[in-house]
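If you read the protein sequences in the order shown, they are chains G and R. Numbered continuously in the numbering used here, the first sequence closes out at residue 251. Numbered continuously in the numbering used here, the second sequence closes out at residue 1208.
A hint or two may mislead.
Pair ranges (Cβ atoms, derived) [claimed, not checked]:
#: 1; chain 1: G; residue 1: Asn108; chain 2: R; residue 2: Asp1160; range: 18 to 26 Å
#: 2; chain 1: R; residue 1: Asn1038; chain 2: G; residue 2: Ala50; range: 48 to 56 Å
#: 3; chain 1: R; residue 1: Gly1164; chain 2: G; residue 2: Lys130; range: 43 to 51 Å
#: 4; chain 1: R; residue 1: Pro1078; chain 2: G; residue 2: Met190; range: 47 to 55 Å
These are calculated hints, taken from the structure and not from any lab test. Predicted model, so just to flag it, every value in this text is computed and none were measured. Beta carbons: idealized from backbone N, C-alpha and C, even for Gly.
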Amino acid sequence: MKLQLISCDVLFREMCTLVARTTNRVDVQFLPKGLHDLKSDQMRTRLQAAVDAVPADTYDAIILGYGLCNNGLHGLKARQTPIILPRAHDCITLFMGSRKRYLDYFENHHGVYFKTSGWIERGKAEGDLKQLSIGHIHGMDMTYDEMVEKYGEDNAQYLFETLVESQSKSYGQYTFIEMGVEPDDRFERMTREQAAERNWTFEKIAGDLSLMEKLINGQWDDHDFLRVPPGHRVVARYDEGVVHTEREEST
Amino acid sequence: MAKIDEIYEGVCKGNRKLVAEQVQAYVDNDGDVVELLNDTMIPAMRDIGDKFSRNEVYVPEMLIAARAMQAGLDIIEPLLAAKGHKARARVAVGTVKGDLHDIGKNLVVMMLKGAGYEVIDLGVDCPVEKYEEAVKEGAQVLCLSALLTTTMPYMKEVADHFKGRDDVKILIGGAPVTKEYANEIGAHGYGSDANDAVRALENILNAA
Chain G
1 MKLQLISCDV LFREMCTLVA RTTNRVDVQF LPKGLHDLKS DQMRTRLQAA
51 VDAVPADTYD AIILGYGLCN NGLHGLKARQ TPIILPRAHD CITLFMGSRK
101 RYLDYFENHH GVYFKTSGWI ERGKAEGDLK QLSIGHIHGM DMTYDEMVEK
151 YGEDNAQYLF ETLVESQSKS YGQYTFIEMG VEPDDRFERM TREQAAERNW
201 TFEKIAGDLS LMEKLINGQW DDHDFLRVPP GHRVVARYDE GVVHTEREES
251 T
Chain R
1001 MAKIDEIYEG VCKGNRKLVA EQVQAYVDND GDVVELLNDT MIPAMRDIGD
1051 KFSRNEVYVP EMLIAARAMQ AGLDIIEPLL AAKGHKARAR VAVGTVKGDL
1101 HDIGKNLVVM MLKGAGYEVI DLGVDCPVEK YEEAVKEGAQ VLCLSALLTT
1151 TMPYMKEVAD HFKGRDDVKI LIGGAPVTKE YANEIGAHGY GSDANDAVRA
1201 LENILNAA
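With the rest of the complex left out, here is chain G:
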């Protein structure tokens, strides 16, 4: 098969490893992780532009290295080429290999930030994506000094506690997911150091490439993948299947 992969670059090392090993011919396009920090309709617009730029009659399918991503894929349309999307809320399902494993972990571990090589190397929004991020447009990414200048010392203290420190109160753990594609232990080490700095718990778990592998290899069973035929779009469902499709209404 000839496939076009459009993926979040948070999955960069994993996808590259799998693309190198597959018998399929896969063309690759990565989009910045910062799309995740945009308002969901803006994320969809950018992803749609990438989908629309794929030439017709060239690929058997467009495969997406995404999940529902906070509704960022809600409404995404397949044009001439079918789209294949993993049934996942977000990339953590892809790192863990199944949404059941993610859900079990989520339910049993409160206040966890996940780290992988991609989240460390490519986690921060840059350029215009930073300016357009939800945090920035709501004024939630200011430094303490900026707050003092704008709102005075008394308010700045309060804002810093409310917008910055409260997050640390709710979260208390870094979980490093080791995918087996890392060159050495540098990413694990960085996560350990960050956990120590914040006085958070550290845990390392083994990732599972199988879901991404099935995506790249073309093993798209209905349980784990959504097939969006031409003329249909992705619709968020918030049930076990996460996403489903709807026929585009002709306008």
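Given the coordinates of chain G, assemble chain R onto it according to the supplied hints.
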């Protein structure tokens, strides 16, 4: 009807110290606290909330305005109670089970207080039992917040739990939450942001 400009501006600008001083001076001069609340303080929060919805002010401005408002409320609340003044309704606000995000939820709490409601803040990670307790404490409307699509389904669980109970209304909101989802799970209202939550709550109470 008498709007007191210094207090109004003090709330809008988030000047907590000035609001506390001016409200205290007003009280010391035997000013009417119900009038102060209804003609100055609530309209000031409504003003800042509308500006937020129009993207003219942002989260920090909302937070400091609400804090200034609270400084004034702390002074007048005992006096309001002594006068037999009743809040417009008692409501509860909480982020649903599994979800630990509280900035949006806190903004909703502040906006509802600022609009004259009595608010029970249930915090984050709320199981259905917590909402049930709030109802026992007299909450007429339960406001549910979620930031994650992974935790949104719990809103449905809460809505299902209270289905058929005419005395309990459900209002939902949060970044990934939509009006369609609110309809789908049978919630009585949907707030697109913290300011819109006030409007949605008023609609629910007016319809009841």
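ask   = Are there hints from earlier that the structure breaks, and if so, what are their numbers?
value = Every hint satisfied by this model.
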